[in-house]
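Chains as they are written, first to last, in the working numbering: chain A, 1 to 371; chain B, 1 to 198.
Be aware that one or more of the hints could be misleading.
Across the chosen pairs, the derived CB separations fall in these ranges [as the list claims (entries may be wrong)]:
id	chain 1	residue 1	chain 2	residue 2	range
1	A	Lys233	B	Glu137	34 to 44 Å
2	A	Lys233	B	Pro142	27 to 37 Å
3	B	Glu137	A	Ala182	43 to 53 Å
4	B	Asn91	A	Glu296	27 to 37 Å
5	B	Lys165	A	His221	58 to 68 Å
6	B	Asp34	A	Ile299	23 to 33 Å
7	B	Glu137	A	Glu185	54 to 64 Å
8	A	Asn293	B	Glu48	28 to 38 Å
9	A	Leu351	B	Leu123	49 to 59 Å
10	B	Glu48	A	Arg236	28 to 38 Å
11	A	Thr64	B	Glu137	49 to 59 Å
Dumping the calculated DSBU-like pairs for lysine-lysine here, alpha-carbon to alpha-carbon at most 30 Å [unchecked claim]:
id	chain 1	residue 1	chain 2	residue 2
12	A	Lys66	A	Lys361
13	B	Lys33	A	Lys165
14	A	Lys322	B	Lys56
15	A	Lys245	A	Lys211
16	A	Lys304	B	Lys16
17	A	Lys322	B	Lys16
18	A	Lys361	A	Lys41
19	B	Lys56	A	Lys163
20	A	Lys165	B	Lys70
21	A	Lys78	A	Lys233
22	A	Lys25	A	Lys110
23	A	Lys228	B	Lys49
24	A	Lys165	B	Lys104
25	B	Lys70	A	Lys288
26	A	Lys165	B	Lys16
27	B	Lys174	B	Lys104
Bear in mind the hints are in silico, worked out from the structure with no lab data behind them.
Ideal Cβ positions, reconstructed from N, Cα and C, are used throughout, including at glycine.
One-letter residues, chain by chain:
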Amino acid sequence: MNTEKNIKTLIVKKPLKLDCGKTIKDFPIAYETYGSLNSKKDNAILVFHALTGDQFVTGINPVTNKEGWWSYAVGPDKAIDTNKYFIICSNVIGGCMGSYGPSHKDPDQKIFGTNFPVITINDMVNAQYNLLDHFGIDKLFSITGGSMGGMQVLQFISNFPDKSKTVIPIATTSSHSAQNIAFNELGRQAITADSNWKDGNYTSNDTNPGKGLAVARMAAHITYLSKKGLQEKFGRKLQEREDLKFGFDADFQIESYLRYQGSVFVDRFDANSYLYITRAMDYFDLAKQFNGNLSEAFINTNAKFFIISFTSDWLYPTQENKDIVIALNSIGADVGFVEIESDKGHDSFLLDVPDFLSALKNFLDKSYEEN
Amino acid sequence: MKNEFQVIADLIEKDKKVLDVGCADGTLMKFLKDNKNINIRGLEISKEKVQECIAKGLTVIEGNAEKDLKQFPDKSFDYVVLSQTLQAFLNPELVLDELLRVGKKAIVTIPNFGYWKVRFHLLFKGTMPITKTLPDEWYNTPNLHMCTIKDFFHFVKSKDIKIFKSLALNNLNKSRINQSNLGVKNLFADLGIFLIEK
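In isolation and in its complexed conformation, chain A is listed as follows (with noise of 0.2 Å):
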């Protein structure tokens, strides 16, 4: 997918040591920008996309056609204002929209699958921060993101504490819950059922395993949904039908969005990504890379903290958000926190939440001010 016109594309040629011992080196990341850098270099924003996002952010995606998956809140006079800042998002190293992935050719031109190696969170905020030496920006404002962005968040400030003013974790954990993992290992476990995934050998878009990968997204998706969420959107209505069909047609709504949530992911991700990505995500432990002891993670940073989590959201609930808080505080850290109120789950940092949006523009635009 690297080849795609539209996707630009920074060569790392800085060889980079990753967690799992190996090195790569002359890897390709893949970015977009939104906005315009200023003359003093002082307003770039990093963002971090979360397990299926990628580069675009914003605006309608040139690959997929579809909306930016945060078009809610980046954008002109939105929560991150592309007027007033230069936004930064790269696809993760792991990826399938055009940064060196499974789908990459290894170096005797044979396409990866599982050869690649198994990435870490670490390893793809290690990659990205190549970024900022390619834009010459010494410290950016802020780095922000959700769920998986998050953990990228709070990775990235604690190997480079001094290169970011502001961090906005959302909706996030510091260390992967064995209920998460679990849903990770469900989601793997379908791809790798699907016999078009021939050991992560597919080639071909025929016989690649869009069956286990549409699985793999639809248990997933469930999981980024809260209960009310779901029972005021569809109860058990009925899909296009007057009355049960006694068969095991999608006869309600939600079997049929789900089936449809399934069948359009497929069509723009990649099965192996999806293992190597969710893997990354469950290896994420920021705590024991200090020891158990969180608050090392942060010690060096005299950043500016918010962290922002959503009532309904079961995934990575408010505790584990408020955990982080607790580490900064207990170093006497500068934190805000704020739980928001929302019925839409997870995915309400990605939806129209006027409460989190205000309180995401307001906290940027006045540390932005401050400046």
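With chain A's structure known, arrange chain B on it following the hints.
Showing chain B alone in chain A's frame:
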């Protein structure tokens, strides 16, 4: 700007680190930040009020003082401020202990139930007192543990807490409270302001 906030601001030196517990919409925090260059954080339970603080550019943590003060290390703030909120806690004694653990000093203000208007209200009307500092009805008041200036004074002494300054406030009049004038101040002040340390 409430007179109470001016008095609180006068008690705090410049460039200090302060935690405002139950900071509401952040009016006091903003005043301290702008006028005294104070590094101030707030803790607030109401989501709506937290949003107002963020809109003012203030650092605020959404949380419950009765549960969430424990995350702050000992003596991590120069001052901890608690304005007219002590009486609303389930366990005010525990909160007071926490304030004095987290802060090198604490500033606590209490609406005085011994104020003469309060006493008159109950004595002559025979209904629960409603005054400027106690505006709610009995059935919707957040206050669970009302006390008088005298009660608080004795309580603090009994816990071996040091009182640096105790001030009585009646509208714009501010005066010192001490052992000998306690009875009078308890009658004529509607608000007590205490600077304490353990």
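Hint check results:
{"no.": "1", "hint": "Lys233/A <-> Glu137/B: 34 to 44 Å", "in the structure": "40 Å, holds"}
{"no.": "2", "hint": "Lys233/A <-> Pro142/B: 27 to 37 Å", "in the structure": "36 Å, holds"}
{"no.": "3", "hint": "Glu137/B <-> Ala182/A: 43 to 53 Å", "in the structure": "50 Å, holds"}
{"no.": "4", "hint": "Asn91/B <-> Glu296/A: 27 to 37 Å", "in the structure": "33 Å, holds"}
{"no.": "5", "hint": "Lys165/B <-> His221/A: 58 to 68 Å", "in the structure": "59 Å, holds"}
{"no.": "6", "hint": "Asp34/B <-> Ile299/A: 23 to 33 Å", "in the structure": "30 Å, holds"}
{"no.": "7", "hint": "Glu137/B <-> Glu185/A: 54 to 64 Å", "in the structure": "55 Å, holds"}
{"no.": "8", "hint": "Asn293/A <-> Glu48/B: 28 to 38 Å", "in the structure": "35 Å, holds"}
{"no.": "9", "hint": "Leu351/A <-> Leu123/B: 49 to 59 Å", "in the structure": "57 Å, holds"}
{"no.": "10", "hint": "Glu48/B <-> Arg236/A: 28 to 38 Å", "in the structure": "35 Å, holds"}
{"no.": "11", "hint": "Thr64/A <-> Glu137/B: 49 to 59 Å", "in the structure": "58 Å, holds"}
{"no.": "12", "hint": "Lys66/A <-> Lys361/A", "in the structure": "24 Å, holds"}
{"no.": "13", "hint": "Lys33/B <-> Lys165/A", "in the structure": "19 Å, holds"}
{"no.": "14", "hint": "Lys322/A <-> Lys56/B", "in the structure": "22 Å, holds"}
{"no.": "15", "hint": "Lys245/A <-> Lys211/A", "in the structure": "24 Å, holds"}
{"no.": "16", "hint": "Lys304/A <-> Lys16/B", "in the structure": "18 Å, holds"}
{"no.": "17", "hint": "Lys322/A <-> Lys16/B", "in the structure": "26 Å, holds"}
{"no.": "18", "hint": "Lys361/A <-> Lys41/A", "in the structure": "20 Å, holds"}
{"no.": "19", "hint": "Lys56/B <-> Lys163/A", "in the structure": "25 Å, holds"}
{"no.": "20", "hint": "Lys165/A <-> Lys70/B", "in the structure": "27 Å, holds"}
{"no.": "21", "hint": "Lys78/A <-> Lys233/A", "in the structure": "26 Å, holds"}
{"no.": "22", "hint": "Lys25/A <-> Lys110/A", "in the structure": "17 Å, holds"}
{"no.": "23", "hint": "Lys228/A <-> Lys49/B", "in the structure": "26 Å, holds"}
{"no.": "24", "hint": "Lys165/A <-> Lys104/B", "in the structure": "29 Å, holds"}
{"no.": "25", "hint": "Lys70/B <-> Lys288/A", "in the structure": "23 Å, holds"}
{"no.": "26", "hint": "Lys165/A <-> Lys16/B", "in the structure": "22 Å, holds"}
{"no.": "27", "hint": "Lys174/B <-> Lys104/B", "in the structure": "24 Å, holds"}
Violated hints: none; the structure is consistent with every hint.
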